[in-house]
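Novice: The primary structure of each chain is shown beneath.
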Amino acid sequence: MSVTITPRAAQRVQQFIAKRGKCAGLRLAVRTSGCSGMAYTLEFADTTQPEDLVFESNGVNVLIDKKSLVYLQGTELDFVREGLNEGFKFNNPNAKNHCGCGESFTV
Amino acid sequence: MALLHIAEPGMSTAPHQHRRAVGIDLGTTNSLVASVQSGTSAIITDATDHALLPSVVRYRVDGQIDVGQAALAHAHIDPANTIVSVKRFMGRGINDFQPSQRLPYRLVDAPGMVAIETCLGRKTPVEMSAEILKTLRRRAEAALGGELAGAVITVPAYFDDAQRQATRDAARLAGLHVLRLLNEPTAAAIAYGLDNSSAGIYAVYDLGGGTFDMSILRMQRGIFEVLSTSGDAALGGDDFDRRIGEWLIERAGINDLSPQNLRVLLSLARRIKETLSTQEAMRITLPFAGVSAAEFVLTQAQLWALTQDLVSKTLAPVHRALRDAELSIDDIDGVILVGGATRMPHVQRAVAEYFKQAPLTNLDPDQVVALGAAMQANKLAGNHHADDWLLLDVIPLSLGIETMGGLVEKIIPRNSTLPVARAQEFTTYKDGQTAMSMHVVQGERELVSHCRSLARFELRGIPPMAAGAAHIRVTFQVDADGLLSVAAREQSSGIESAVTVKPAYGLSDDDIARMLTDSQTHAGDDMVARALREQQVEAQRLLEATQAALDSDGDALLSKVERSEIATTMSLLKEDMHGADAQKLHQSLDALNRLTTEFAARRMNRGIQRALSGRHIAELGI
Ligand SMILES: Nc1ncnc2c1ncn2[C@@H]1O[C@H](COP(=O)(O)OP(=O)(O)OP(=O)(O)O)[C@@H](O)[C@H]1O
Ligand SMILES: [Mg+2]
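Line order of the protein sequences matches chains R and S.
Read left to right, the first sequence gives residues 0 to 106 (numbering that gives the first Met the number 0).
Read left to right, the second sequence gives residues 0 to 621 (numbering that gives the first Met the number 0).
It should be emphasised that the hints constitute simulated quantities derived from the structure, not laboratory data.
Note that beta-carbon positions come from the ideal geometry of N, C-alpha and C, so glycine has one too.
Treat the hints with caution; some may be incorrect.
[Stated by the list, open to error] Across the chosen pairs, the derived CB separations fall in these ranges:
1) R:G73 / S:G174: 40 to 50 Å
2) S:G460 / R:R19: 37 to 47 Å
3) S:G493 / R:R19: 46 to 56 Å
Produce the entire structure from the sequences given, and follow the hints as far as they go.
Specialist: Right, dumping it as structure tokens:
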């Protein structure tokens, strides 16, 4: 599986999951919308779906549906701090352009 | 590249649509801002990693305004332009502050609310609070990467209408969209996730810098309700600082301390207090020259002995809150500690002993309110599932309307849960009355003069009818923020009039406390006073009606003897009406009533005859 979670991101995900309580894992997906085509979503997962691929990366259970996986091959999920702002970041080799604010991308 | 956070299943927002919402604890001593990210509520710190923003604003001669630590650092150098504890001024009039309080500010009596004359001109408490809120807004926007969609701001549960309105105005002035004003204890309970419990009764003990607030909450079927509130508006961590300060003054043999050095001493005392919460003893060096001793050691045990009475003093309001809620200690399912001063181990121990259970302390007591507010903001902004809890708070003092004779008719009783709407019917007092003036009051006492006036308005254009024939429905509505609107409607004509109570600001905590205790201690007096007033109103009404009847029909329907008898009895009644003897007044009232019964019957017969001959009965004033 070529989608990975950095150790730093994995540690944060585990903290969030521990605070939230029961959780089947972390769902990564791509959906079409936004000003330049596609957008990432990052959600807690309560259940796995039949079309999901489930795997583990650095101790985190990751769920990705097959359609999204097409756009996420080779992606790394990181947790970064930029100025006062902290959060997750997708490093996706497939993405060619980001819109100005970076919330959506095209392939 | 924008950074992402983990959303609840199915709750990812489309790009550019995540609604940034924050919770703000606008405290007397410290303020904080928090927001929910990746499902977790967290405090947003400033660029230097500080969570708490001291609630201090300084107006500088160069036109700059400092907020927080920078302002606090100058409190002792520039006291007149450095405003601390501005929350105490919110929604208050100048008369709420006694000269004996020796505030270092130039207070001015501005319309509605007290203001402070600073080197940058006259500033209202609303403007000063807005400066604090603006600072927090900027901090949040920098951290969340964009404009805020809205904020939940917390207020003490006992805040009256004026204080809530002032808080809301301050937020608006700071460019914040207020999603909701939330009571502080309720916010704390939310932070502890007690909203997820199926049911329970919780005590929230909040000892902050300058104030002590005690609240009892009930969580039931997804609904939070504040059952009662009490507290002490002049008790908090600052008093512990003063105790330590006095101890140092005595030990060091200091006779005279300049106001500046007093500030220095008090901030040292505060550091000592905070350190001794986690350390058994502390070595202290006084930074003053010319004192008989400058080196001391203060132990935790000594500090506790020095301040034990302050801790005990909090227990009376605790007891009162339980009594008001008609509960005993055994009914309490959990105790929540709020406020920085509850970090002191002897405070925690006293609370644990009183409630016979260990209080919840795993969240930071000075952050817990902001954390809960952020969770509420997140839900209100729509970033969450629809299975929302409902939040119910209560009104701190009863709301009512003045009726004849200066009596209060309570329409919404104290501790009613919010939002609430209640209506009551009133009628006209005089024949042909076409207007009715409404006086909205707040308080527990029976007489208007003992309550606080909130607003007055008039209902005009009532069609002329006989006294008592008009049906005027007065509706009181208090929204989820605790703000009141009152509407009056005459039912037959449909004419209406309404006010949103933008009250003349000015009810202090002391007032609230006094009004509550007064209503308890004076309950007996009040009943007597009420009975007397009712008789007086009745007497006035009877006298006026009798006089009107005499004027129109006395000559035609009464003999000379009957007429003089009535006149004598009327003058006796007039005399008793101005006395204080309800019993005697009652007798005179009865006498006149009896004496005029026959006269009334004769008038009635005549009236019916006239009505039958085509005249309208209402014109006869029967
Ligand atoms: N570790 C500690 N030990 C003892 N007291 C502390 C500690 N940390 C903070 N405090 C005290 O807590 C008080 C401030 O509490 P908090 O920030 O909750 O106040 P606030 O809510 O702004 O005030 P208020 O109740 O007046 O509205 C100060 O007196 C501070 O000295
Ligand atoms: Mg507080």
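Novice: Now, for every hint given, state plainly whether the structure supports it.
Specialist: Tested hints:
1. R:G73 / S:G174: 40 to 50 Å: Holds - the Cβ-Cβ distance for G73 of chain R and G174 of chain S, about 43 Å, lies within 40 to 50 Å.
2. S:G460 / R:R19: 37 to 47 Å: Violated, since G460 of chain S and R19 of chain R (Cβ atoms, about 59 Å apart) do not stay within the stated range.
3. S:G493 / R:R19: 46 to 56 Å: 54 Å, holds
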